[in-house]
Amino acid sequence: MSSYSVTEPSGRQKLFAGTLVILYALITILPLLWIIGTSFKSPSDAIAYPPKTFFSPTLEGYVNLFTTRTRATEEDVKALGEPTTWYDRIVRKDGFIIAGPSRFMERFSNSIVIGFGSTVLCIVLGTAAAYAFSRFKVPLKDDLLFFILSTRMMPPIAVAIPIFLMFRSLGLNDTHLGMILLYTAVNLSLAVWLLKGFIDEIPIEYEEAALIDGYTRFQAFYKVVLPQAMTGIASTAIFCLIFAWNEYAFAVLLTSGTAQTAPPFIPTIIGVGGQDWPAVAAGATLFLVPVMIFTIVLRKHLLRGITFGAVRK
Amino acid sequence: MADVVLENVTKKFGNHTALDNVSLTIPDGSFVVLLGPTGAGKTTTLRMVSGLDRPDSGNIYFGGRSVEGHTPAQRNVAMVFQQYSLYPHLTVRQNLEFPLKSPLLKTPREAIDRKVNAIAEVLQISHKLDNKATALSGGEMQRVSIGRALVRTPQIYLMDEPLSSLDAKLRADLRIELKNIQAKSGATLLYVTHDQIEAMTMATHIGVLHEGRLVQFGSPREVYEHPVSIYAATKLGQPRINIIPADTFPGAPSRAVHIGLRPEHITQGSGQDALVRRVEHLGDQTRLHLSFRKNDLITVTDAHTRLKSGDTVKIQPDKPLYFDAAGMRLA
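Line by line, the protein sequences are chains L and A.
Using UniProt numbering, read the first sequence as starting at 1 and increasing by one per residue.
Using UniProt numbering, read the second sequence as starting at 1 and increasing by one per residue.
For the record, the hints were derived by calculation from the structure and aren't laboratory data.
Every value quoted in this text rests on a predicted model; they were computed, and no experiment measured them.
Cβ atoms here follow ideal geometry from the backbone N, Cα and C, with glycine treated the same way.
Misleading hints may appear alongside valid ones.
Part of the chain A face toward chain L, derived, beta carbon under 8 Å [unchecked claim]:
#1 L52
#2 Y61
#3 S85
#4 P88
#5 T91
#6 Q94
#7 S102
#8 P103
#9 P108
#10 I112
#11 V228
#12 Y231
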């Protein structure tokens, strides 16, 4: 007798489903693995044809990413004496010497400040607005919600010129604050709508219970609603961060010196001394890291289910 | 603790009148039970007193002072919701501590522990204190929900069918426990239930609500023996009161249209013949379903009766209640 269940999938079904998932995962992750692989190739390996799947790894790409280099004659190199560090050695092998650090770190930290800054601002404003829309009688609520969403009915770049002019007259061009405000404005409609959906699902009985238990409305919001909305907040935050992190067009248009983020910077690496694909790949790889860490940290909140079951419907 | 008074309280939800000019005095230390079917306004009354909802007109007084515009925290009320809304992100212990830690009470740590442990003992949930609130059965959740109210000593406890999802034994235990706690502490309770045993055993006063109006308010005995209307009479009594046409038995006053007969107010052995249609042995008593002049009657008889369906039995009314065409009682 084999056990038969309607709800439990059979072994063969599980195998089939598992194979599909693994296949899909491989297809999605392949470009990523290729980029990471390329970042450890030498420039010649990177453009080799047919492409090299196996190669001897080098950190040249990363060194080139973080430094600016100049070509030097053999005498000049000799005059400097023995290379003192591992990265000196890598650079001199090709007849270069390190002239100084590149601007990558600066651009990278701009990305962090602007990306996370706008995400935090967006979540704070979005949660407050979503809570109000969910719980209070707001005049013209539906129209307001539609209006908020309508800001996403065209590509943001369509309003690039007005924004450029506004930023210029407000002195926000090429400032961190300007970029944070811009990305927050673009993301806020999405955040309000997503978060409202999550807060709508939290029964109002919890807040009423907290009010009865001697708390104010704000304390009830903070102690009871917020922890239960963490799933929604975490996923919304990830969406907001990914948009702000990857945004390219506005970053090109509105930043140049002080507030430039990494996306417009990385392509400029190509131009320095031939097409340095490993350095570009290294930049792209490092650029992935913060979003990945952020997503992994918030992953446990993404698991649904903690909010179910304690209110009898 | 204090007297809680509702004065001409009216509440409308859209076109629906949930409470219609209700005046009610809940004396200090009393156990007031509200009876009525779904939609009669029982829960709305609790929410008015709690401060979660505001009356459209009328006033509510705690100890003689109006609480108009006061939040639930300012009123210092405890409430057990019909939906036992435990905080799902907290453990059972944290749920019970929650009201004690509020800015309202700010209870010191050792007092919190003492109170939480004591109440967990009473409610038989000590072994579940460190479980997540969501990992409990329905009955356990409801006990925690009751516990969250009982850890406090508020002005008034408001309970909305708190025992409804418990099994029979636990319900009986907690009924006695609640009554004990109330009798010992002198707490004031406003309690909503459908269960007439709860109403009869725990209440010092019963309020009968009908479509948002308070139709009768008095002691359980008073409401049971002297209901003001057929409606009030049917709210208490198990099996229900028999309502039959007034001319079924002689002696009805002239304006009477209905006779109300409690099952125990039908005496057997003398009078007129009735046909036994069904016999239900309940162990401690036996219910007889009778057919008498085309009317169905239910009465009770001793546990070891030899009557069976098809037999005839002589019956006559004892202490009948008379009601007029509108269902109001005739004195």
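Taking the hints in turn, this is what the structure says about them:
no. : hint : in the structure
1   : L52  : holds, 5 Å
2   : Y61  : violated, 19 Å
3   : S85  : holds, 4 Å
4   : P88  : holds, 4 Å
5   : T91  : violated, 12 Å
6   : Q94  : violated, 11 Å
7   : S102 : holds, 3 Å
8   : P103 : holds, 7 Å
9   : P108 : violated, 15 Å
10  : I112 : violated, 13 Å
11  : V228 : violated, 33 Å
12  : Y231 : violated, 29 Å
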